[in-house]
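Residue numbers for the sequence shown follow the numbering used here, beginning at 6 and rising by one.
No lab work stands behind these hints, which were simulated from the structure alone.
Just to be clear, a hint being listed does not mean it is correct.
What the hints assert, rightly or not - List of simulated lysine to any residue pairs, SDA-like, C-alpha gap at most 20 Å:
| hint | residue 1 | residue 2 |
| --- | --- | --- |
| 1 | Lys86 | Pro145 |
| 2 | Lys146 | Leu126 |
| 3 | Lys146 | Val178 |
| 4 | Lys86 | Ile131 |
| 5 | Lys86 | Pro96 |
| 6 | Lys184 | Glu151 |
| 7 | Lys146 | Gln179 |
| 8 | Lys86 | Thr177 |
| 9 | Lys146 | Arg93 |
| 10 | Lys86 | Val178 |
| 11 | Lys184 | Gln77 |
| 12 | Lys86 | Ile176 |
| 13 | Lys146 | Tyr125 |
| 14 | Lys86 | Ala74 |
| 15 | Lys86 | Leu126 |
| 16 | Lys86 | Asp127 |
| 17 | Lys146 | Asp81 |
| 18 | Lys86 | Thr73 |
| 19 | Lys146 | Gly84 |
| 20 | Lys67 | Leu144 |
| 21 | Lys146 | Asp128 |
| 22 | Lys146 | Asn99 |
| 23 | Lys184 | Ile150 |
| 24 | Lys67 | Pro145 |
| 25 | Lys86 | Leu144 |
| 26 | Lys86 | Asp101 |
| 27 | Lys86 | Lys67 |
As the list claims (entries may be wrong) - Simulated DEER-style distance windows between Cβ atoms:
| hint | residue 1 | residue 2 | range |
| --- | --- | --- | --- |
| 28 | Ile26 | Leu65 | 40 to 50 Å |
| 29 | Val55 | Ala166 | 25 to 35 Å |
| 30 | Arg61 | Gly161 | 37 to 47 Å |
| 31 | Asp127 | Thr183 | 18 to 28 Å |
| 32 | Pro96 | Arg61 | 16 to 26 Å |
| 33 | Thr183 | Ser71 | 47 to 57 Å |
Since the structure is predicted, the reported quantities are computational estimates derived from the model, not experimental observations.
We put the beta carbon where it would ideally sit given N, CA and C, even for glycine.
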Amino acid sequence: MRLNRHSSSRRTRALIGASLIALACGPGASRAQEQASGSESTVGPLQEVVVTATRREESLSKVPLSVTALTQQSLDERGVKDFSEVARYTPGVNFDNSGTNNISIRGISGSGGAGTTGIYLDDTPIQMRALAFNPDEALPKSFDIERVEVLRGQQGTLFGAGSEGGTVRYITVQPSLTKTSI
Numbered sequence: 006m007r008l009n010r011h012s013s014s015r016r017t018r019a020l021i022g023a024s025l026i027a028l029a030c031g032p033g034a035s036r037a038q039e040q041a042s043g044s045e046s047t048v049g050p051l052q053e054v055v056v057t058a059t060r061r062e063e064s065l066s067k068v069p070l071s072v073t074a075l076t077q078q079s080l081d082e083r084g085v086k087d088f089s090e091v092a093r094y095t096p097g098v099n100f101d102n103s104g105t106n107n108i109s110i111r112g113i114s115g116s117g118g119a120g121t122t123g124i125y126l127d128d129t130p131i132q133m134r135a136l137a138f139n140p141d142e143a144l145p146k147s148f149d150i151e152r153v154e155v156l157r158g159q160q161g162t163l164f165g166a167g168s169e170g171g172t173v174r175y176i177t178v179q180p181s182l183t184k185t186s187i
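My request is simple: use the sequences and hints to build the entire structure.
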């Protein structure tokens with residue numbers, strides 16, 4: 006008789022516990038579903054970012070390199086005007102503009118002699134060390150730039166010996182004979 010009373014009190018406790026859990030979780034789950042269905046209408050689809058980091062056009066998600074691509078729209082939204090601001094939004098990149106203008110990608114930078122970061126405007130290399138004036142003026146501003154690609158890691162195979170730390174590529178807007186833009 007005692008054993009039977011003990012097992013029925015366990016069942017009662019388990020039933021009360023399960024019903025309390027169901028009551029506690031029920032309203033939260035319905036609110037989560039309401040919010041999810043309401044947010045679908047306000048958020049648009051993600052745009053696919055196409056990069057040319059491997060010398061051919063590929064989706065950013067399919068490129069086998071560590072790449073950060075900032076499109077013209079994201080540069081405008083963030084108010085980016087020059088490379089020091091690009092470096093602020095790119096993980097693993099530091100820009101020292103205290104006279105030397107060293108670009109350090111993943112901690113690799115050169116203090117004297119050849120640079121360790123390749124800088125390209127479209128497919129033309131920009132040699133900052135050989136300039137007689139302020140090298141900051143050699144880096145393109147964000148005007149008329151389609152996107153900026155920062156490739157982290159050694160890029161010597163595609164971009165030459167001056168890209169041990171990484172490569173920064175400025176891709177300009179290509180001209181169109183069928184469309185006008187301002």
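Consistency of the hints with the structure:
1. Lys86 x Pro145: With Cα atoms ~9 Å apart, Lys86 and Pro145 stay inside 20 Å; holds.
2. Lys146 x Leu126: holds (11 Å)
3. Lys146 x Val178: holds (13 Å)
4. Lys86 x Ile131: Since the Cα atoms of Lys86 and Ile131 sit roughly 18 Å apart, the hinted pair holds (cutoff 20 Å).
5. Lys86 x Pro96: Holds, at roughly 18 Å.
6. Lys184 x Glu151: Holds, because 15 Å separates the two Cα atoms, which is no more than 20 Å.
7. Lys146 x Gln179: Holds. Lys146 to Gln179 sits at ~16 Å (cutoff 20 Å).
8. Lys86 x Thr177: holds (15 Å)
9. Lys146 x Arg93: holds (15 Å)
10. Lys86 x Val178: holds (16 Å)
11. Lys184 x Gln77: holds (18 Å)
12. Lys86 x Ile176: Given pair Lys86, Ile176 holds - Cα atoms ~15 Å apart, limit 20 Å.
13. Lys146 x Tyr125: holds (13 Å)
14. Lys86 x Ala74: holds (16 Å)
15. Lys86 x Leu126: With a Cα-Cα distance of about 16 Å, the restraint between Lys86 and Leu126 holds, given a limit of 20 Å.
16. Lys86 x Asp127: Answer holds: Lys86 to Asp127 is near 18 Å, not above 20 Å.
17. Lys146 x Asp81: holds (12 Å)
18. Lys86 x Thr73: Judged against 20 Å, a Cα distance of about 17 Å means the pair holds.
19. Lys146 x Gly84: holds (12 Å)
20. Lys67 x Leu144: Roughly 28 Å separates the two Cα atoms, so the pair is violated.
21. Lys146 x Asp128: holds (17 Å)
22. Lys146 x Asn99: holds (17 Å)
23. Lys184 x Ile150: Given that 20 Å is the threshold and the Cα spacing comes to 17 Å, the pair holds.
24. Lys67 x Pro145: Not OK: Lys67 and Pro145 at ~27 Å, beyond 20 Å, violated.
25. Lys86 x Leu144: Holds - the C-alpha atoms of Leu144 and Lys86 are around 11 Å apart, at most 20 Å.
26. Lys86 x Asp101: holds (16 Å)
27. Lys86 x Lys67: violated (29 Å)
28. Ile26 x Leu65: 40 to 50 Å: holds (43 Å)
29. Val55 x Ala166: 25 to 35 Å: holds (28 Å)
30. Arg61 x Gly161: 37 to 47 Å: Given a distance of about 18 Å, which is not inside 37 to 47 Å, the answer is violated.
31. Asp127 x Thr183: 18 to 28 Å: Distance hint for Asp127, Thr183 holds at roughly 21 Å.
32. Pro96 x Arg61: 16 to 26 Å: holds (25 Å)
33. Thr183 x Ser71: 47 to 57 Å: violated (36 Å)
Hints 20, 24, 27, 30 and 33 from the earlier list are contradicted by this structure; the remaining hints agree with it.
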